[in-house]
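Participant: For reference, the chains in residue letters:
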Amino acid sequence: MIIQTALLVGLVLFSALAILLKDLLKSAISLAAASLLLGIVFFRMGAPYAGVFEISVVAGLITVLFILTIALTNTGEEVRESRLVNIVFPLFFVVFIIIDALVMKGLLQKIPALPSAPETGTFGDILWKGRTLDLVGQIAVILAGVFSVLALFRKRDKHD
Amino acid sequence: MTNTWFLYVFFSAALIGAGLYALLAKRNLIKLFIAIEVISKGVSLLLLATGFAKGNVLVAQALVVTFIVIEVSLVATALAIIINIYRHTKSLDIRKLAKLKG
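First to last, the protein sequences are chains A and B. Per this note's numbering, the very first residue in the first sequence carries number 1; after that it's consecutive. Per this note's numbering, the very first residue in the second sequence carries number 1001; after that it's consecutive.
No lab work stands behind these hints: they were computed from the structure. Mixed in with the good hints there might be a few duds.
Computed list of chain A residues with no C-beta within reach of chain B, every gap over 10 Å [unchecked claim]:
1) V9
2) I40
3) K155
When the alpha-carbon atoms are kept at most 20 Å apart in a straight line, the in silico DMTMM-like pairs for lysine to aspartate or glutamate are as follows [what the hints assert, rightly or not]:
4) B:K1054 <-> A:E78
5) B:K1090 <-> A:E119
6) A:K110 <-> A:D100
7) B:K1096 <-> A:E81
8) B:K1099 <-> A:D125
9) B:K1090 <-> A:D125
10) B:K1054 <-> A:E119
11) B:K1099 <-> A:D100
12) B:K1096 <-> A:E78
13) A:K26 <-> B:D1093
14) A:K155 <-> B:D1093
15) B:K1090 <-> A:E78
Glycine included, each C-beta is placed from N, C-alpha and C at the ideal position.
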């Protein structure tokens, strides 16, 4: 439990760092570190497939996409952020965490546990037989993503 | 619900709160997208934690895998849109997107 809490604290810290850091490259890398910690948390919760997806896809692929975008867009002028934003963020975050902790403490033992049937079968059974419609939706979303990226990067005609 | 569940809800609320703040306050498009990623981490943690607390990890895991796949598709499309916006305006500032010119 202590290790799990430490991992979750690290996850929140790296995510806050990703928001706070001015350098986009550093914030993308700290986002990847946060994903890595989330993947380890998933592994420890007994969800190895979700952990593998989180580490390989979110920490790997999405970070590469972010770094590619940052590399393609770094020649222009710097975006001037308001200075107040980074000063107010720690204050806001501490107040938010305190309110969050108080609400969670208040809710403790008050939410009734709903009955749930124990699970049978393997992950493959549940994914392929129980959530088949989800898989069809996933394929549709991936195709939509591919076509939209193709449409966004297509070469323009001369008369455009 | 067990006490462990509240610990996970606490941390995912912290992630979602931080992401929402950045989404409201930042001006760089890539930074805004990093904020959306932070929110999505909070949501996937909450999904799996609820499954874990209920003893239904496998269903929650299937949902998280679906969520991650859709997230990747979203990221690819959104980053392509950001690169196109950059080519048009030569800047990543969202304030420059407020100027609608015919």
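Participant: Confirm or reject each hint.
Facilitator: Status of the hints after comparison with the structure:
Its beta-carbon lying about 8 Å from the closest one in chain B, A:V9 breaks the requirement of being farther than 10 Å from that chain. The Cβ of A:I40 lies farther than 10 Å from every Cβ of chain B, with a closest approach of about 12 Å, so its non-interface assignment holds. For A:K155, the shortest C-beta to C-beta distance to chain B comes to about 13 Å, beyond the 10 Å cut-off, and the non-interface label holds. Taking the CA atoms of B:K1054 and A:E78, the gap is near 48 Å; set against the 20 Å cutoff, the hint is violated.
For the proposed pair B:K1090 and A:E119, the alpha carbon gap of about 53 Å is over 20 Å, so the pair is violated. For the hint linking A:K110 to A:D100, the alpha-carbon distance of about 16 Å falls within 20 Å, and the restraint holds. Pair hint B:K1096 plus A:E81 holds up; C-alpha atoms about 13 Å apart against a cutoff of 20 Å. With a C-alpha separation of about 52 Å, the suggested pairing of B:K1099 with A:D125 is violated against the 20 Å cut-off.
For the hint pairing B:K1090 with A:D125, the CA-to-CA distance comes to about 50 Å; that exceeds 20 Å, so the pair is violated. Between B:K1054 and A:E119 the alpha-carbon distance is near 10 Å, which keeps this suggested pair within the 20 Å criterion. A C-alpha spacing of about 38 Å is found between B:K1099 and A:D100, which places the hinted pair above 20 Å, so the restraint is violated. Under the criterion of a C-alpha separation no larger than 20 Å, the hint pairing B:K1096 with A:E78 is consistent with the structure, at around 13 Å.
Distance check on the hinted pair: A:K26 and B:D1093 sit about 19 Å apart at the alpha-carbon level, within 20 Å; holds. With a C-alpha separation of about 25 Å, the suggested pair A:K155 and B:D1093 falls outside the 20 Å cut-off, and the hint is violated. At roughly 10 Å between alpha-carbon atoms, B:K1090 and A:E78 fall within 20 Å of each other, so this suggested pair holds.
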